[in-house]
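Residue-level listing of the chains:
2 protein chains.
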Amino acid sequence: MNIVVLAGGVGGSRFLRGVRAAAGQDPDARVTAVVNTGDDMWLAGLRITPDLDTILYTLAGINDEQRGWGRIGETERVSAELQAWGVGWPWFTLGDLDLGAHITRTAWLREGMPLSRVVPRLAARWPLGVELLPATDQEVETHVVTDDGELHFQEWWTRYRAQLPARAFVQHGVEDAVAAPGVLDAITGADLVLLAPSNPVVSIGTILGIPGIADAVRGTRARVVGVSPIIGGAVVRGMADACLTAIGVQTDAAAVALHYGARRDGGLLDGWLVDEVDAAAVDPLRAAGIASAAVPLWMRDEATSAAIATAALSLVE
Amino acid sequence: MNIVVLAGGVGGSRFLRGVRAAAGQDPDARVTAVVNTGDDMWLAGLRITPDLDTILYTLAGINDEQRGWGRIGETERVSAELQAWGVGWPWFTLGDLDLGAHITRTAWLREGMPLSRVVPRLAARWPLGVELLPATDQEVETHVVTDDGELHFQEWWTRYRAQLPARAFVQHGVEDAVAAPGVLDAITGADLVLLAPSNPVVSIGTILGIPGIADAVRGTRARVVGVSPIIGGAVVRGMADACLTAIGVQTDAAAVALHYGARRDGGLLDGWLVDEVDAAAVDPLRAAGIASAAVPLWMRDEATSAAIATAALSLVE
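So the protein sequences, as listed, match chains A and B. Note that my numbering gives residue 79 to position 91 of the first sequence, counting from 1, and the numbers run on in steps of one. Note that my numbering gives residue 206 to position 218 of the second sequence, counting from 1, and the numbers run on in steps of one.
It is worth saying that the hints were derived from the structure and are not from the lab. Cβ coordinates follow ideal geometry from the N, Cα and C atoms, glycine included. If a hint is listed, it holds; no wrong ones were tucked in.
Simulated restraints on C-beta separations:
| hint | chain 1 | residue 1 | chain 2 | residue 2 | range |
| --- | --- | --- | --- | --- | --- |
| 1 | B | ARG105 | A | ARG155 | 35 to 41 angstroms |
| 2 | B | GLU290 | A | TRP114 | 47 to 53 angstroms |
| 3 | B | GLY12 | A | ALA72 | 22 to 28 angstroms |
| 4 | A | HIS160 | B | ARG105 | 25 to 31 angstroms |
| 5 | B | PRO78 | A | ALA112 | 17 to 23 angstroms |
| 6 | B | ARG109 | A | ALA112 | 36 to 42 angstroms |
| 7 | B | ARG109 | A | ILE50 | 33 to 39 angstroms |
| 8 | B | GLU53 | A | GLU119 | 45 to 51 angstroms |
| 9 | A | ARG98 | B | ARG109 | 20 to 26 angstroms |
| 10 | B | TRP286 | A | ARG98 | 42 to 48 angstroms |
| 11 | A | MET227 | B | PRO78 | 39 to 45 angstroms |
In silico contact screen, one side only, chain B against chain A (beta carbon under 7 angstroms); selected entries:
| hint | residue |
| --- | --- |
| 12 | ALA32 |
| 13 | ARG65 |
| 14 | VAL66 |
| 15 | LEU70 |
| 16 | TRP73 |
| 17 | VAL75 |
| 18 | ASP84 |
| 19 | LEU85 |
| 20 | LEU87 |
| 21 | GLY88 |
| 22 | ILE91 |
| 23 | THR92 |
| 24 | THR94 |
| 25 | ALA95 |
| 26 | ARG98 |
Here chain A stands alone, though its shape is the one from the complex (with noise of 0.2 angstroms):
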């Protein structure tokens, strides 16, 4: 059975340890990754993937698990060198063994490495269980409109905490992109395709927008289900409500369900899960032609993710 997660970070990373669990069972299943890099950056001279990061340190079992980012036993000595010079960004903090990824990564990616081959070799490093695909190769980056100009999605994320309005979201280069080698091929090889709970407008909406993956999707032989990143009208983790109401849909979990759209309406979805609290939602969209359920959605540990993955692996079966 292949498996393939289109996700994010914080959230993607939860949801793919839970995938990787109740894959587990199967010892012919394969789950493959598709990861936003919308979020990546230029800083200092190197090249930052914070949703590749999270979810590489998470599946490898180095995270921070109590900060919620980064890895376990971060330092910062070399980030207070560049401060001191005034070099990166005072508010996005580089620890030292992150650094060793981003040199490393920016080191291969200078010596024309495609993303897409930089990825499984820093990866390679642990057994991850799930292969991690970065969505592009080009350098896509989401940018916010706001009332004072435009900024790096993340400035306003991580600076400004999504605090500034946002008029819209610009994912620059985004035209220009083609899906990284193995990404059409996994979505249409696929027997399932999962929509982690990450945010449906700059992690998942960014994947979305690269010509080529949301028709994949579309096309795909697979079921499409996905988990909703919003519980009881509000965001599970993130700012995504300042994303969501940017773009003209609510915070509730059946209104992002509608903004991925039914696949027999030429939207992207077999199936949609809600959480408990939400379970007036199954039976409109149901009714709207989205396969649904309510399961508890609180990603507690890798027990309550993997049976969230369970259900949405059974739930279109």
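Got chain A sorted already, so can you dock chain B onto it with the hints?
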């Protein structure tokens, strides 16, 4: 009084500390160091400038005196990551604090800033009392020709401890290099030009190999005084003997002076300091047109270095 010092790394940094102390007696004294860049290299996608760093750290007082190189209180957390991914040279240490400088320098270079602007910007963090100029903004790389092929000087020096017989030294790119802004003016307008007791082949030799610099030294109205890097037929530090042998010069205080040559014969030197154990060289050198004196040349600390600098300052007054 304008003093210009041509300098390599460890010997150069210790000597410069002495020159700064000696010049400190004179409120109008200005010390400029023209620093070898031939040992510079790209490693792990970062531009490393060993001699400039050694001088920067030493003059800033943050160098590791015990170890003899790098920064005090250094750690190697990033390096361990890089090695796990097989990036960099396992035999070449990249300390965490050191990497702060490498990342900063590389970021600025990648923005298009020439090295001669990067260096003062890095140096501005500390009151050095010496202006640092890279010999050139171009990438000149010293390679070593051995019987088994050619390798970067740094590999020959650090990895093989200069134990592979060197047949020749090649400064790649030196023909097309130009002296960095300020270098020729500093030499031409100097009151005294000093050749630090650095490696005559790969440090001072590489600086002098950059088109225009040797001519500026020959043409300056300043007196030119060198300090022998050889004491009693042995190198004070490093493995300069292997370098001298390759270019057919004896490891001998007088032989190195004659290699630089007397100014009256079209060479570079007005004066040359040898150690007391080499006092026998004084008369022959004087006869060859090079004012010479024998003084203690072991730079044990700032005081002994300052005494050497004072002797150099007064040698040809």
